[in-house]
Structure formats: structure tokens, C-alpha cells
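Novice: Take a look at the letters that make up each chain.
4 protein chains.
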Amino acid sequence: MSGIFSSIPKIEYKGRESKDPFSFKFYDPEEVVMGKKMKDHLRFALSYWHTLTGEGSDPFGDPTAVRPWDNIADPIEQAKERVKAAFEMMEKLGIGYFCFHDRDIVPEADTLEEYQRNLDTIADEIEKEMKRTGIKLLWGTSNCFSHPRFMHGAATSSNPEVFAYAAAQIKKAMEITHRLGGEGYVFWGGREGYETLLNTDLKLELDNFARMLKMAVDYAKKIGFKGQFYIEPKPKEPTKHQYDVDTSTVLGFLREHDLYDHFKMNIEANHATLAMHTFHHELYLSRIHGKLGSIDANQGDLMLGWDTDQFPSNIYDATFAMYEVLKAGGFTTGGLNFDAKVRRASFDVEDLFYGYIVGMDTFAQGLRIAAKLVEDNVLESILDKRYNGYNDGIGKKIVDNKVGFEELSEYAMKNGVSKLESGRQEMIESIINQYILCS
Amino acid sequence: MSGIFSSIPKIEYKGRESKDPFSFKFYDPEEVVMGKKMKDHLRFALSYWHTLTGEGSDPFGDPTAVRPWDNIADPIEQAKERVKAAFEMMEKLGIGYFCFHDRDIVPEADTLEEYQRNLDTIADEIEKEMKRTGIKLLWGTSNCFSHPRFMHGAATSSNPEVFAYAAAQIKKAMEITHRLGGEGYVFWGGREGYETLLNTDLKLELDNFARMLKMAVDYAKKIGFKGQFYIEPKPKEPTKHQYDVDTSTVLGFLREHDLYDHFKMNIEANHATLAMHTFHHELYLSRIHGKLGSIDANQGDLMLGWDTDQFPSNIYDATFAMYEVLKAGGFTTGGLNFDAKVRRASFDVEDLFYGYIVGMDTFAQGLRIAAKLVEDNVLESILDKRYNGYNDGIGKKIVDNKVGFEELSEYAMKNGVSKLESGRQEMIESIINQYILCS
Amino acid sequence: MSGIFSSIPKIEYKGRESKDPFSFKFYDPEEVVMGKKMKDHLRFALSYWHTLTGEGSDPFGDPTAVRPWDNIADPIEQAKERVKAAFEMMEKLGIGYFCFHDRDIVPEADTLEEYQRNLDTIADEIEKEMKRTGIKLLWGTSNCFSHPRFMHGAATSSNPEVFAYAAAQIKKAMEITHRLGGEGYVFWGGREGYETLLNTDLKLELDNFARMLKMAVDYAKKIGFKGQFYIEPKPKEPTKHQYDVDTSTVLGFLREHDLYDHFKMNIEANHATLAMHTFHHELYLSRIHGKLGSIDANQGDLMLGWDTDQFPSNIYDATFAMYEVLKAGGFTTGGLNFDAKVRRASFDVEDLFYGYIVGMDTFAQGLRIAAKLVEDNVLESILDKRYNGYNDGIGKKIVDNKVGFEELSEYAMKNGVSKLESGRQEMIESIINQYILCS
Amino acid sequence: MSGIFSSIPKIEYKGRESKDPFSFKFYDPEEVVMGKKMKDHLRFALSYWHTLTGEGSDPFGDPTAVRPWDNIADPIEQAKERVKAAFEMMEKLGIGYFCFHDRDIVPEADTLEEYQRNLDTIADEIEKEMKRTGIKLLWGTSNCFSHPRFMHGAATSSNPEVFAYAAAQIKKAMEITHRLGGEGYVFWGGREGYETLLNTDLKLELDNFARMLKMAVDYAKKIGFKGQFYIEPKPKEPTKHQYDVDTSTVLGFLREHDLYDHFKMNIEANHATLAMHTFHHELYLSRIHGKLGSIDANQGDLMLGWDTDQFPSNIYDATFAMYEVLKAGGFTTGGLNFDAKVRRASFDVEDLFYGYIVGMDTFAQGLRIAAKLVEDNVLESILDKRYNGYNDGIGKKIVDNKVGFEELSEYAMKNGVSKLESGRQEMIESIINQYILCS
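Protein chains in written order, with this note's numbering: chain G, 3 to 441; chain D, 3 to 441; chain W, 3 to 441; chain R, 3 to 441.
Hints listed in this document are in silico derivations from the structure and should not be mistaken for laboratory results.
Certain hints may be false.
Said to hold, decoys possible - In silico lysine-lysine, DSSO-like type, Cα no more than 27 Å apart, as pairs:
| # | chain 1 | residue 1 | chain 2 | residue 2 |
| --- | --- | --- | --- | --- |
| 1 | R | K404 | W | K205 |
| 2 | G | K398 | D | K223 |
| 3 | W | K216 | R | K416 |
| 4 | D | K94 | D | K38 |
| 5 | G | K374 | W | K16 |
| 6 | R | K242 | W | K242 |
| 7 | R | K205 | W | K421 |
| 8 | G | K242 | D | K421 |
| 9 | R | K86 | R | K41 |
| 10 | W | K205 | R | K399 |
| 11 | D | K205 | G | K387 |
| 12 | W | K205 | G | K21 |
| 13 | D | K39 | D | K133 |
| 14 | G | K399 | D | K174 |
| 15 | G | K329 | G | K398 |
| 16 | D | K399 | G | K416 |
| 17 | W | K404 | R | K228 |
| 18 | W | K387 | R | K399 |
| 19 | D | K242 | R | K374 |
| 20 | G | K329 | D | K205 |
| 21 | D | K205 | G | K404 |
| 22 | D | K416 | G | K174 |
| 23 | W | K242 | D | K242 |
| 24 | R | K223 | W | K404 |
Construct all of the structure, not just a fragment, from the sequences and the given hints.
Specialist: This is the structure we're talking about:
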């Protein structure tokens, strides 16, 4: 096979008994589930950073990744080779979308001007490949956290020149996203937080953060970018305390600053658990607020206190994620972006493919199971029965805001609490396991 | 000495070298700090539950506490003895406020009616003691979490009769609080959360929670209760996931449901750390929103994953807590309620006093240090210098909302980032230690 | 159906599509797996405490459980009814073993003498039921943690009279275990730890802990008890810091005090994770030391910092647990004791059965999957290939202790590191998911 | 002022009211505490890695540190400049010791041979500076974790060539340490652990780890190196699970492999807390086993799940650390090595000094407080009273191993538990605060 990853075949669906590691066991893109093809439900995306520029370093170790473009010395030529590699990989995996930060596609340059020229150069290459392959941009974003200038924050920097620089970067990243037909734009505030409260003006920083978001909203209107804006919460790391802790924090912040209508959530599994919520919780909470926008599909290690960004393999998590997506009516602009990296010791090109395969298979099977749960009305019927009391009588009066303390007190005096029902958690978990293990 | 705690003397300030365990080493109630007496800054309150009804049991062990009222068989007589004990204790400690849940002052009864009659009986006793001593009620609240009827929640129960029962309880607790001149009323939703998402209607539960709060606001107006309403956040325990996770979550929830103006925060140190924030963070965040209402002063164990409610002894935490209180302009309706319990193995009556002494001394010295930090303008001058760029030029344009992406991008193209300044965390920590150790 | 749980049928295996909540979907006791019946592999045991005396209270709430024996006022009669209930339940579930603490079967009495008489009375009842049903005692133990006398520890109490009292209790519990043909005896040191180092003589406490274990070993010899002794580690809760943190700590402690040969491990899933290890880790580590004795099968909540003792439902955990049991050659004296309790809101008798059903089904399916992994040599072949270098050449010299720094340095100078192989974690996780989802 | 850090003056003790940030407020090197000079108690050491080669990068950000040697292109010349800088810094701070990994003093080279030649070259420079200044080597070590070859471990690699390479590195590092008169040699197994159990042969890896340590012990004898060997435990990071979890794990491992007499512990504060122990706990446990060897003085952030290696500023931790050192009879071969780095945003050279100043001041004051606690017999008298029962009667028989279950049971039957004493935690915490705040 020719191409950059010449040793890797096209990954085909070969069924759940397949012993071929370069095959899907569960992901059958054309299979119809609840009236829609799997691939249209799942809208898988490749993450440019972990996949193309990730190197396998960690705070105690040097890069390990061995990549076909390692020996290209010129950074722009290397960047072009990465573009080809990205699209070849997506074609081989049958992935229809990708996501990127500005700094993923070209390295920093000596001046902002040169950097932006380089971005345009590579955006041209990407555009060509998009046309050639039909692959689309799920969302773009700007990396305003890696460079030393962002050490104190970007929008929340103590230095207004840094704020300005970040604005320039976001502006350009939005323009490229727009030009490439991106369906969304993500804000992950990697340095929007603090290291110590002792030198932090919390109010000014939070207000400035909102100012940056407002400027982005204004600028989108100006250039006609209609993609969806997302906020991706994370509670800590790299800073000691990030401002966008979790869905609740973000939604409250957006309300406070009159930005609520302009943003949806981009929920990352590993960020959810770092915030001490389950992935399911964050998705469910987003969904009931009409804010389940997109997903960064990965997996953390609950024994560890940092973002491990593993490829997702846990079927329980994938099932409930897809359950929430289905309950939300499916993705519109969003999708499943694998914000996941191979382990440092999985340094081969083959491992990159294995990573995507296990992730795609896990979510494909999660979709199948979730669809059965929805079709069989399993959880909905439990809820209907459990909250049935709110459909009439005193319950209905409560939800209709027809009663106050006096009526309710009178009711309680007369009726007390007539009967409690078990929550039946163990029985429900038993049913879930049947669906997980027998779908 | 006569009285219930006859072996315990009146606790007097004897100075920092005192070897008398029944003396204050740092808390000198009449000492004037920044123009106000220490006692008026600190507004210490006794927590009725931990102090009068706490028994020293834990999930693996029986009660241990030995109390003078243990042998009074009749629950109402016992409740009356506890009232006397509470006020005697506050007098001996020189504590000017107390806080209570309905269920602290009388046990549950066979009917709601009888329960409420008993509440009135004990409220009479409390009122007498308040008049006798001049001690005031900082806040009241209702325990809607201990009884089995609240196993699925109170306002967020799946059973509307439980909602009604909780409403009746809160109504009565508000009335008693009002009658006793309570300066506030706290909502801590001990069962407002979930055990498993599999049987939980998150939207209905959250909406019902807001409904209950609205009814409380309405009822306060009706009865003329002008005390401050507080929400006390906690992220988990007893439920797997509580709804009032932290300050951000609560403020967002209040905004969402048009309740924002009616509530302030009651921040508990141990709840803050369970939510993975520092105590300082939660107070600072509340302060900049004008929501620093009251404090539940205690201390958690960061090595443990549950609420240990220890008496506060950490001088760093107390210093920054009092710093935030001073920056907020001091307490108005709120105060420092010791939501703290003696360790299970500290079962003597003496230990109750030792607990309050260490807590009061720690916050008194924390106040002294914080006042010096404020008077010497230590942290403010650091902030002024650090964020100075926002006072003019491009920085001022940003905070005045005068610029957008285009101007900022142009600015960045021309100027880049001219100079970064160190955050100086280590130097600041060194200064803080001087204040801590030399005040 | 007659009996105490008259509404509950005998639980039969009805296959994985069964909609009957009172049936096993995966546990077919007579099915032969790797040459042995499922029931003989799994050796399920009922935990007397959670099942018969658990009440559903928590630190913030009163008991909720509704049990058929609630209204029996006389504690000894109630204890007898519990014996009947326990055996009826085991018969209905087809569980062949049980485990108990002394205090589970009778409550504390006014004197130690009376308490021990009561223990004998109930042991008589248990013995009768064991004869009638053929159900066996997996292990016994003594509760030296709930009573206030153990507030400072039992073997590690600062008070030698408490040490003596604990010794008396353990002596009696061992005698009853012996009399009932118990196959093991467990030590879980619920109060063997400390609350604060400030008042703790760590050396004396640890030495005394070893002294107690030695006395137990001596006494077993004296009375001819040949059952296996186990230590069950837990890192914290109820004390701030328990001495038996985890397998490594326990094995080191046993070596230090010449107790190594006399004990095996009893590994509890939830205790493993509280110690920041996976359940798999603790079992694997025990297995390679020949110390995998018995298992307390339950499940924790990794988002929470306390022991939730949930019924196990996670198929990954059950699979790797059974994998380790199979690799260890199967249980000999040990088994799978469900140290698990229904949720506080699962208060019905039905829930008790649902809890056991989900637990037994999960481990049954875990066994099936693990057996396939063993039979297909999946993980072993990965290890064989990965560590192949240690079978000859310089690798073999290392494991044969034939080389030192000089030879190895010379080797490295000459050869360097010729080739690194990927760890292939993602590929392996993909294979594991095939086994999990397709068995 | 001349030199590499020409802007920084010699740091002198100026007393606790000093406003000069480049002065010690608490560390007076010549002050005599309990008969010994402060500097001889504390034996401060500079960590070569964080101080000379640390760059301020993190997993989400590029290096930030600005250092005088940044512009020296030739790596050997740069390494020489770093040597000069290190010694100038130690002289300015009055630090008498340093610690290093091989890879700190020279970068990796193309071949092992060249690398070792470079090491010798720089060792020559170091030796000259040591002679010139009288500064000594506290301990040396080898970095067997950063290079990709160690991705699967060093001694615990699946590849024996990596084992050999690590052996060669450790051999050389020991030789240099020996030549420079190092008083100790540390093993921190940065990659000795696993990423996933699915591809890990736990037994072979642990055995090989012991083999490497044995070879080191043998080689030390051969070359006449009499310095103390230390193990530095850490539970996780960089690997998912490290083998040297904590003191208990390490001591057990050493016993298992007959290595116990050859090693002491090097306890790092931040590693202790990652293992869910307090720093105090790890030191106390080491001390009672005669294994308190040396200390890596730093500070973690208990809200974060990774090693932050902050300069220590918490006076409580420093006090109890020095208390344990004093109780252990003081350091012999060990000392206080600041395994601490300035925050990423503290990028100036000045910050390096501020970091050391706050660390040295904190431990100096910690020593003063600890000495007062020892001299006043504060904690010892509490222990004496609390455990007094073990000095005669039944208590003495227990500790003298004169009684067994029968005698103790008889005793308990007759005497029960006559009286329990409170643990007095709150009162003790109050006393500790007096010492902390008034020393």
C-alpha cells in the first residue's frame, strides 16, 4: 500500500469475531441504527494535536513517538506532510471530520505576521485535501496556552498586551475555521485560571474572560461565521484552578455575562472526571439545558489526578454518552472528537490506528446499546413511574407553581407521606448489564 | 462553679503564653482591630447540632459522647436541658450567636402537628434564654435530610408528598427563626442530589428545587421575615452528587431561576475543599459577587474524602478567611458559625470547650494577621502593580469595552508582547509567612 | 411461597434474555467452566452484617431498611429470626457460604459473659441451619471497632484493658468459627490506626498490633483451628489513617513481625480503590506472592472518598478479579463474599435480592470471560512475547543473577539498546473489549 | 556584584521584621539550637535539576525560564557555566550541600561512552568548585527515566538491554558520587512501575528491581563507596502506578529481597501526600524503623493530583518534619534537599533565590518551634500519660509478651474496661498553635 502510512491497510468492518487488529469489530459505518447510519450518528473526528503533533513526552520524559515526518527539517514542509498524513489517516479510518488548534498546523514563528502567513499556507493545503476527500472541519480553535506569553493567562492575563495577542490569534483561527467551512469553534481556556490567589484579581480576570468571548461573538457576526461556539470546561491543569470548571460553572458564567445564547458545551470525558463528575453527568446536565453541543471523546484514569486523554474503551461510559446524544436528538453541529493520545509507550504509527480503532469500536457499540435502551424505553419508563406523582394532584400543583408553603403545609399536616418507593438502583444496574453484555 | 458544666470556668483571655487550657490565648473580645472590637468582627456562633445533639457516632461506630443530659429520659425535658446547656456554654465562651436546625432542638414526633407543638415549646425556652443573656440567633434552618422520608430528596424528591412535607418543615422553621429575631436562614440541601443518574429526572428535580426556594422567598415576604437567605454549597455527601456543588454552581442556578437577588452564600471550609476548591477561593469568589454572606467555620482533612467538620486550627486558612471578610466590609447579617464537632475520641464535655477555644483563638489571630495585611496594603499593592496595564492605553480600552478583535489584532501585529513580569509567588509566600509568624 | 421472604421466589438461572428480575441472567451454577462448576469456582458468600443487620443509615440520615424482623422486640428472638432469614435467603439465592462478625449475630450485652452466652445461643441456631441446608461458613471475624471502648483502637488502643477485651472477643469469635467449621478467619482492623499523630505512639501501636496477631496464631494452634487467617487491608475510614493500608503494607508488616506464613490476603474491591490501587492490582500482587486468599466482592464509587460497598456490577472489574483467581489456581479456602449493601434508598426486601442477583450475575459472566482469556492464552502470550528477552542471552544472565554492574556496563557500551517494542496498550484494550462484549 | 547572578546580593540573616526580599527572616545559620548550629541541623542542599536545568515547561506549555546560560550554544560549555552558577548560588545562599542526577550535569550524548566522558569532564569542574568553596555532595543519583529507552522502565523494563543500560548508568553515577565524596546515593525509580497491568509481568519486574538494587550494593562494596543508599518512594507519576509507593511498601520490599540493612528512606513531602499520607506520617514511620535518612523538602498542592514540587512554605509541615528529625537524633548522612522548583510564571533568576529563601526560612523556623516542643517535652509527656497503662500490670505483660488469649480473656471477664480517656486532639492542636505562632 502506498502513502505515508504504507504499512497500514484501510480499516474495514469485519465483525465482532475478527482477529485482524486492523479491522473494526463493532463499527459498521453504513449500518442503520434508529433510522440513521452509524457514521451519521457518531460524526467521528480526528484531533490534529494528539495525532499529528503529539510526541509522547511527559513531565518526566522526552518524546518517544516515531513518525514518518520526523526527518523533515523544514517546519513548513513538515507541516505539509502532516496535512497529507492526517487526511490519509482519516481516509483509512473512514473518519469524516477533524479538529485543530492554530498551533497544531504550523509552529510559532518569529513574528505574528509570519505566523499568520504560515497558517494561510497550510490552510491552503488543508483546503485541497478537504476538497479531494470530502472530509469536513468539525471545529477549529486557537492555542493560547502553550507559548510563554500566556504564562499568566490569555484573556485573563495580568498583561493587556497578552490579551491583545490572544485576540489576534483567535481572530485568525476563527477566520481559517470560517474559510474551511468549520461547523464550530471551541474555547478551551488552558491558562484562564490562576496559580495562586495571592496575586490574582479574580474579578478583573473573570470580566476580561467574558470580554474576550463577547468580542468573538461580535467578530463572528461581522465575518458571517455561523458555526457553533463551544466552551470546553476543565477544572484544573495546567493552572492550579481553571475558571471553566464544569458545565454548571460555565453556564452560570455565560448567564452572568449575557453570553448564554451564543455558546454550547463541548464536554470532554476526562475533564468531567477531573471535576469529580461522571461523563454522563456532564452530558445529561448539558442536554437538559439544550447545551449538549459536541464531545471530546477520551477516557481518564480515575486513580490519577491529571488528564491522561486515553482512547476511550469503557463501554459503560460510551453507552451513556451515546444515550445522552440520542436523547438530545443527535448531534447537529457537533460530533465525537477523539481528544485522545496513544500512551507514551505506544510509540509506533500502528498504535495511532489501534487507538482510533478501539475508540470508534467502543462508541459504535455504545451507540447500539444506547439505541436499544431508547427503543425499549428502559430508562424513560423507570422515570415515568418514579415521578408519576407530579402528573396530578398536589404534585401537579407544585410543578404548575399553583401552591405555596401554606397549601403545602396544610397538605402535609393532613396527609403526611403516605408511601415511599424504593429507588431500585440494583435492579436497574442489572438490566443495564443485560443490555451492555447482550447487544 | 454551678450550672450544667460546673467543672468548666468562664473562658477568659489570658494571652498567648497562657498555660491554662481553659483560657483564650489569642481571642481578646474587647480588643479593637481596625476600629472595631474583635467580637464584633468575628460574630462567633455556636452550632446547636454538633454541640448539643452530636453523639460521636460514625459509620463504623456507636455514639461515644458523654453529656450531662444523657440520663434525662423524656425527650422534651432533655431538649429543655440542652437549651440551658447551650446558653450556659455560650456564656462561658462569650459567644454571641447560635444557629440551629429544627430537628436539633426537638426530636421527630409521631405527627407533624405534635412535632411543631414541641418546636414551639422549645422555642419558648430558647426565647427566654435569649432575653436573659442577650445572645442572638445568627440563622435557623430545617433538617430535611435525616428522616427516611427524605431518602430521595426533599425539594427534589420523586414523591410530591415529600416536597409538601419539606415545605411544611421549612415554613415552620422560618417562622421560629423569624420569631426569635434570626438574622438569616440557611438552605443546605442535604439530600438534594442523586444516588444514580439511572433513575433520576435531573431537569424536574432541579426545577423543583428552584420552586421550593421561590416559595420560601414568597413566604418570607408574607410573614415579614427580613433576614438574609443563604445557600450553603456542598458537592457530595450524603448523596453521591449534590446539586449545590459550589459557589459558581449555586450562583448560576440562582440566576437561571430568577432567585439571584434573594440569596447570599454561606461558605463552609470543609465543603469548599470537598469541591476541590480552597476555602479562600470560595470566599473570594463570593465576595466579588457581593455574596459573601456567612461562614461555617471548620476544617476538613484533605487526605480524606468526607466531611470531617473539625474545629478550625489552621492559621493560614483563618487568615485568608478573615482577609476576605475584611475586604467584603465585614459581616453584616452573617458570622462565624462553628459547624465543627469534636473528634469521636474527644468525648468529654471538656473537649467541647477545647474545640471552641482552638477555633475562636485561630480565627482571632487570623483576624489580627488579616488586618495587618489590609492595613499594610500588602496584597492590594501587589495587585495594583501587577494589573497596572489595565489602567491606561490598550488595557483601559479593553476594560472599557472600546475595542474588538480588529483593533486588538492590529495592536498585537504592531507591538507584540513587550515584556512579561514574574508572578513572584515565592516572594509573596515569604511575606505572608512573616505576617503569619510575627503578628 | 412460605417463609420469611414469602414474596420472593427461588432465584433460578433463566438466561441472558430473561425479563424476570428474580432470575439469574448469567449465573448458571451447574455450568462447567474450565472443568469445574460455576458454583465451585465462585464460592459465593453472604455477608451477615450488610444483609441481616444493615439498616440503611448514613452519617446524615436515620435507618431506612424495612425488614421482616423489625418488630421483634426481644433482641435474642430477633437474632434468631435473622438466622432463619439468612439461611432462607441463601437457599433462595443458591449461595453456599456465609461470613459474620460476632456482633452481627447478637448485639452487645451488659457484660462480656452474657454477650458470650448469647453468642453460643445463636451459634446453636446457626449450626442447626447449617446442618439442615449444607451451607458452610467461609469465615468468621470479630467486630472490635463499633463499641465506644474501641475509640482509640483495639489491639492498638492506648488502653491495655481494651487490648485485653479485644483479645477476649477475638478468642471467642475464633472458637465459634472453629466450632462451625469455618474455613477461615479474617482480621479487619477497623480502628487499628490513628486520628492524629500528635497523640500517637506509632511504634508501640504497631508492635501491639503484631502481638495480637501472634496471640491469635498461637491460640489457633492450641484449639486446633486450621482455617486460613486473612488480613483485609483498608487505608482509611473509620480512622484517619489505618495501619493495614494495602497488600504491600500488610505483607511488609507480616514479614517484619515473623507472621508472614500464617496469613493470606482478603482483598476488598472498594478498599483497594480507597488505597488508590485498582482491584486488579491488589489481587495480582497478592497472587504473585501466593497470598490471594479470599475476596470481598463489592464496588466503590471512584468519585467518592468513602467506602460505599455497592453490589458489584462492573464487568471489567469482575473479569479481572476472576482472571486472577483462575491464574492463582482457583479459591481453596476463600471465596467471593459480597461485602456489599443495598443503597439507602433501596430499602425493600426485594432490593436485597436484586443486589445479590446483580453481583452474582456480574461475577458469573466475569468468570466466563476470564476463562476464555485463560483458555485462549490471550494475556499470557502477550507477556511471553514482551518479556522474551529474559529467556536467553544477557536477559537470562540477569534473572539468573549471573551478572553485575561491570558485565552489564560492558554489555551496554558494546550493544546499547538495539530495539524498543511498543507496549500496545490500545490494541490489547481492543481485544479485551471483544472478550467482554462477545462472551 | 560580579558573577553570573550579579544582581543578587549575598543573602544574610536580617531578622523577622526585615523588608529586604533578599534576606533571611528566620534562618540564622550560626544560631545555636539545642546545642548545634542551625546550619548543622538543617544541612540544606540545592537540587541541581530544578535549579540549574529546570525550564518551566509543563504538559501544556513551553519553557519559560530565563537563565544567564541560555545563550551558550555548546552543551558542554553550557554545562560548565551551570556548574559555576550552582556554586555561586550556593555561596550566596549559604547552602552547604547539593544533589544531582547524572543527566543534570551533562545532556545525553550519541553514545554511552561519549556521555560518560562528558560526565567526567563536568565532574572535574564540580570537584574544583567543591574544593574552592567547601560545599559538599549530599547525594548523587542517575536519571533512568527521561530517555525514551526507559519508556517501559529501567530495572523493570521488559527489555533486558535497557536493564543493562540502566546498570551502566547507575554504575557511573555511583563512581562519580564516590569520587566527589558524596554522603549518599538515591534511587528514585521514575519509570519503575506500570502503565497497564494487561501487559505487565508484575513478578518478574519486581524481582528485577530487587536485582538491580543488589547489584548496586555489591558494586558499592567493590569500589569502597560507603555512602548511604536511599530509596525515595512515590506512588504514581510518571507511570500510572510506581512500585515504590511509600515507606511501608519500600520497607516491605527491602525485607522481602534481603536488602533491608542497606537502605534508608529519602522522604519527599509531595510524594508523601500523593500517596495519601501526610509528610509527618512518612517521616515518623521511617524514624521508628531507624530509616529516616534524608528529606526532599518541598510542598505539594493537596487540591491537585500531580507532583507540584513547590518550595516549602507551610510552617506546620516544616515543624513536624524537623520534630521527626530531632527525635531521630538529627541527620547523619542526610539533609534537607530542596527538590523544589519555582512556579512556571516565576521565570526570573530572582525567583530562584526567593524560592530558596522561603524554603530555608520556613524550615529554620520549623526547627526553632520543633526544638521548643522537644525541650518542653510537649508531645512526649502527652504520650507518656496516654500509654501509661503499658508500663505495668496487664499492659506490661502484653508488651513483654507474657500473656495470650486465655489470660487476657480472663482479665477482660473480670475487669472489663474500667475507664476511657479522651484523646484530647483539640486541646493538643491548641497548644501546637501556641508554639507555632509564638516562637
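Novice: Hint by hint, note whether the structure agrees.
Specialist: Here is what the structure says about each hint:
1. Among the hinted pairs, K404(R) with K205(W) is consistent with the structure: their alpha-carbon atoms are about 19 Å apart, no more than 27 Å.
2. Restraint check: the Cα-Cα separation between K398(G) and K223(D) comes to about 24 Å, which is no more than 27 Å; the hinted pair holds.
3. For the given pair, K216(W) sits about 23 Å from K416(R) by alpha-carbon distance, which is consistent with the 27 Å threshold.
4. Proposed proximity of K94(D) and K38(D) is supported: the alpha carbons are some 22 Å apart, at most 27 Å.
5. Taken as a hint, the K374(G) and K16(W) pair is honoured in the structure, with Cα atoms around 21 Å apart against an allowance of 27 Å.
6. For the suggested pair K242(R) and K242(W), the alpha carbons sit about 25 Å apart, so the restraint of at most 27 Å is met.
7. Restraint check for K205(R) and K421(W): satisfied, since their Cα atoms lie roughly 23 Å apart, inside the 27 Å limit.
8. Proposed proximity of K242(G) and K421(D) is supported: the alpha carbons are some 24 Å apart, at most 27 Å.
9. Using a Cα cut-off of 27 Å, the hinted pair K86(R) and K41(R) holds, with the two alpha carbons roughly 23 Å apart.
10. Under the criterion of a C-alpha separation no larger than 27 Å, the hint pairing K205(W) with K399(R) is consistent with the structure, at around 17 Å.
11. Restraint check: the Cα-Cα separation between K205(D) and K387(G) comes to about 16 Å, which is no more than 27 Å; the hinted pair holds.
12. Restraint check for K205(W) and K21(G): the C-alpha separation of about 56 Å exceeds 27 Å, so the hint is violated.
13. Restraint check for K39(D) and K133(D): satisfied, since their Cα atoms lie roughly 23 Å apart, inside the 27 Å limit.
14. Restraint check for K399(G) and K174(D): satisfied, since their Cα atoms lie roughly 21 Å apart, inside the 27 Å limit.
15. The suggested pairing of K329(G) with K398(G) holds, with an alpha-carbon distance near 24 Å, which does not exceed 27 Å.
16. Taking the CA atoms of K399(D) and K416(G), the gap is about 63 Å. The hint is violated against a cut of 27 Å.
17. Restraint check for K404(W) and K228(R): the C-alpha separation of about 24 Å stays at or below 27 Å, so the hint holds.
18. A C-alpha spacing of about 57 Å is found between K387(W) and K399(R), which places the hinted pair above 27 Å, so the restraint is violated.
19. Of the supplied pair hints, the one linking K242(D) and K374(R) is violated, its CA atoms being roughly 45 Å apart against a limit of 27 Å.
20. Between K329(G) and K205(D), the direct Cα distance comes to roughly 13 Å. Compliance with the 27 Å bound is thereby established for this hinted pair.
21. Restraint check for K205(D) and K404(G): the C-alpha separation of about 19 Å stays at or below 27 Å, so the hint holds.
22. For the given pair, K416(D) sits about 15 Å from K174(G) by alpha-carbon distance, which is consistent with the 27 Å threshold.
23. With a C-alpha separation of about 21 Å, the suggested pair K242(W) and K242(D) falls inside the 27 Å cut-off, and the hint holds.
24. Distance hint between K223(R) and K404(W) is fulfilled; the C-alpha atoms sit about 17 Å from each other, no more than 27 Å.
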